[in-house]
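Participant: For reference, the chains in residue letters:
There are 2 protein chains.
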Amino acid sequence: MRLSRYFLPVLKEAPAEAEIVSHKLMLRAGMIQQLSAGIYSWLPLGFAVLKKVEQIVREEMNAAGAIEILMPTIQPADLWRESGRYEAYGKEMLRIKDRHEREMLYGPTNEENVTDIFRRHVRSYRQLPLNLYHIQWKFRDEIRPRFGVMRGREFLMKDAYSFDLDYEGAKRSYDNMFVAYLRAFKRMGLTAIPMQAETGPIGGNMSHEFQILAQTGESAVYYDAAFEQIDFNAPDLDPEMLRSLYAAADEKHDPASCPVPPERLRSGRGIEVGHIFYFGTKYSKPMGAVVMGPDGTEVPVEMGSYGIGVSRLVGALIEAFHDEKGIIWPESVAPFRIGLVNLRPDDAATTAMAEELYMRFTAMGVDVLLDDRDERAGVKFATMDLIGLPWQVTVGPRGVKEDKVEIKSRRTGEREEVTPVELLERFAG
Amino acid sequence: MRLSRYFLPVLKEAPAEAEIVSHKLMLRAGMIQQLSAGIYSWLPLGFAVLKKVEQIVREEMNAAGAIEILMPTIQPADLWRESGRYEAYGKEMLRIKDRHEREMLYGPTNEENVTDIFRRHVRSYRQLPLNLYHIQWKFRDEIRPRFGVMRGREFLMKDAYSFDLDYEGAKRSYDNMFVAYLRAFKRMGLTAIPMQAETGPIGGNMSHEFQILAQTGESAVYYDAAFEQIDFNAPDLDPEMLRSLYAAADEKHDPASCPVPPERLRSGRGIEVGHIFYFGTKYSKPMGAVVMGPDGTEVPVEMGSYGIGVSRLVGALIEAFHDEKGIIWPESVAPFRIGLVNLRPDDAATTAMAEELYMRFTAMGVDVLLDDRDERAGVKFATMDLIGLPWQVTVGPRGVKEDKVEIKSRRTGEREEVTPVELLERFAG
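Residue numbers (my numbering), protein chains in the order written: chain A, 1 to 429; chain B, 1 to 429.
Derived by calculation from the structure, the hints in this document are not laboratory data.
In this text, all values refer to a predicted model and were calculated from it rather than measured experimentally.
Heads up, the beta-carbon is just placed ideally off N, CA and C, and yes, glycines get one too.
PhoX-like, lysine-lysine: derived pairs with alpha carbons at most 20 Å apart:
#1 Lys380/A to Lys325/A
#2 Lys97/B to Lys91/A
#3 Lys285/A to Lys171/A
#4 Lys97/B to Lys97/A
#5 Lys51/A to Lys51/B
#6 Lys408/B to Lys380/B
#7 Lys91/B to Lys97/A
Across the chosen pairs, the derived CB separations fall in these ranges:
#8 Ser267/A to Asp346/B: 56 to 66 Å
#9 Ser124/B to Glu17/A: 25 to 35 Å
#10 Glu324/A to Arg426/B: 50 to 60 Å
#11 Ala234/B to Glu17/A: 46 to 56 Å
#12 Val421/A to Ala382/B: 53 to 63 Å
Just need the whole structure built from these sequences, with the hints factored in.
Facilitator: Set out below in structure tokens:
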């Protein structure tokens, strides 16, 4: 993509309403634009990251055997009356009347909807286990939306729902998602700490939330240093072992009774990015979602639900990865892999080399953003540091004479002079 | 994907509420599930097609230089008061009050939102032309939703918005989208006829709608046979030439005055799947979206908008491509390319060959659905014909003995016996 043809409205100053660093940087980097309190438009750079995060979540869900569907945003109130949640859910539910005065709502979550799909089509335990997920916009009418996409009203969530014949099956499904979550966050470069959690309005008997670590996190967390040693790509990752490792939020952590020896205890600040629930028959029983078991008797299906805040993760990633100059994207979620700076668009040799590299990277399938604008070098470097692409490649007249370009790692700040051929080789394959 | 692990709730009979063939087949093939009038959940097979259609639209928009963003579904009423449309828009607009009694709405379209983004960030003609698009769910509260996803209330639309300094620029942007639309529909295997259209609630001075041809189409269309001869992949496709070809809806077609000689006149039935508008300064003027021109004076930006009904296209494709047995997907939008039928899961040699082929296709990146269910052959063939995958490959005990499998084209019905090696070669690369 050429910056001259892109839409990247960077700002020098963060608007006053932004309180936290991710919100400030998302506004400054032209990633989002507020439309109304807690409701944002995703501009091209923000949209690109959102899609990358979404795709990692999708791939890990698919790898775990979950099947993607898409449920609508608007749901009928009657469905929520069946589960008893329509009255119970507070003012965070956006309630709507359609033109025929029918009561509807903008889904804050989809347990009822997916249970309805299940009960209409599944009859036998032979069709189990089943895990259906979707990635869809939700709405929660927060009384005081804040922190940009971290606590918005309209937000993108991945929610998966598992169906099993019995507790043992449900437990396997829960474990399966538990591990998939840790893998997904790891692929984004994040260390996620799973913690026992309250079940809240979803209800249920077992629940974990996943906090990713960031200096600017919203709450203190304490955890076993062993978390930092685990290979989350191991095929046989054991959820029981992982859950046995100590992890506690501030309010539950008691140094006096903490089972982890002090030298192994770590503390940090966490941001919740995922939450999983086992809730058994809480929805299947009132809604009549039953399956015939092997013994011929009908039983309500055992369910769990599993959420990841996809749009929230974009903010959380910035909280975890930034410095005073801007964002530092991990490669897996970067909107472009390389920022290619043409230092002197008015110089023919410089432009020829920059254009050649741009063309070659594009042909190689490497996402590159070419700064071909007629701007001062300082502006270009500041823009690249702000938007945080992992690699900055600078092409300037002096280097061109020596057949050299400069490559800089945004994360480490290390710079190196390489020939264009070496540069291309580095990003090949 | 293994059918035994997939979620494909096919139905023997179409529910009574389905009036048209696409609605019937989408329900029978387990593609969608109604949640409320005009509101559907997309089950795995339907979701897969929806994503394929969306991706073709996305690629053609990107190829045309449009830039993807994502605007929210919920918008503040005040923004629509600026354009004057809040009061003007009828009961099809879903109006909402949030917990603070602020008036909101579920966007039926996004001209106001995108104009707001533009006016906040663009100042100079140098940043033009600009074309921003998104693919997002919309809501129109149809008084009588019907025909499944063809006239739903919650629907997925691609809407693009162009910004130019003057009429000439706006015309180029319009032409650009005009051609991109024809290419996109062609990639889906559809013949689209562009027709001059009324501008309706979007307003404006120039407008075309795109009708795709299907025997079961909603309205009669008349067009120049030359449309069938055009190479829509030609790089220099001329929009003026295309617009000069005769095309008219039933109510505008007058045989007496029709300029096309009878031997070149074709008639068919059409389904509207796209609509493009040039409307100049209709939104930019009241909303103050101005740019500085080369002469230093500020002018309201010239705009157009360009919609494609992404979810509607899934239904329209079925209207265009089906027979009495079910759906016949064009390869470009098929949920899987191959349906691989293991005729006898209880036979070791048959299963070994079916599994081997499944593994190889998967490794080759060919989307394949393996029917590994313990079902009668007749049920399996009927399912494959119903869901309409382009190629059916059957592995049975008799063929296995001779190192042969059968491949059938869903479209032509032609069958052929080939060796597994020949089969794999056919789908390689």
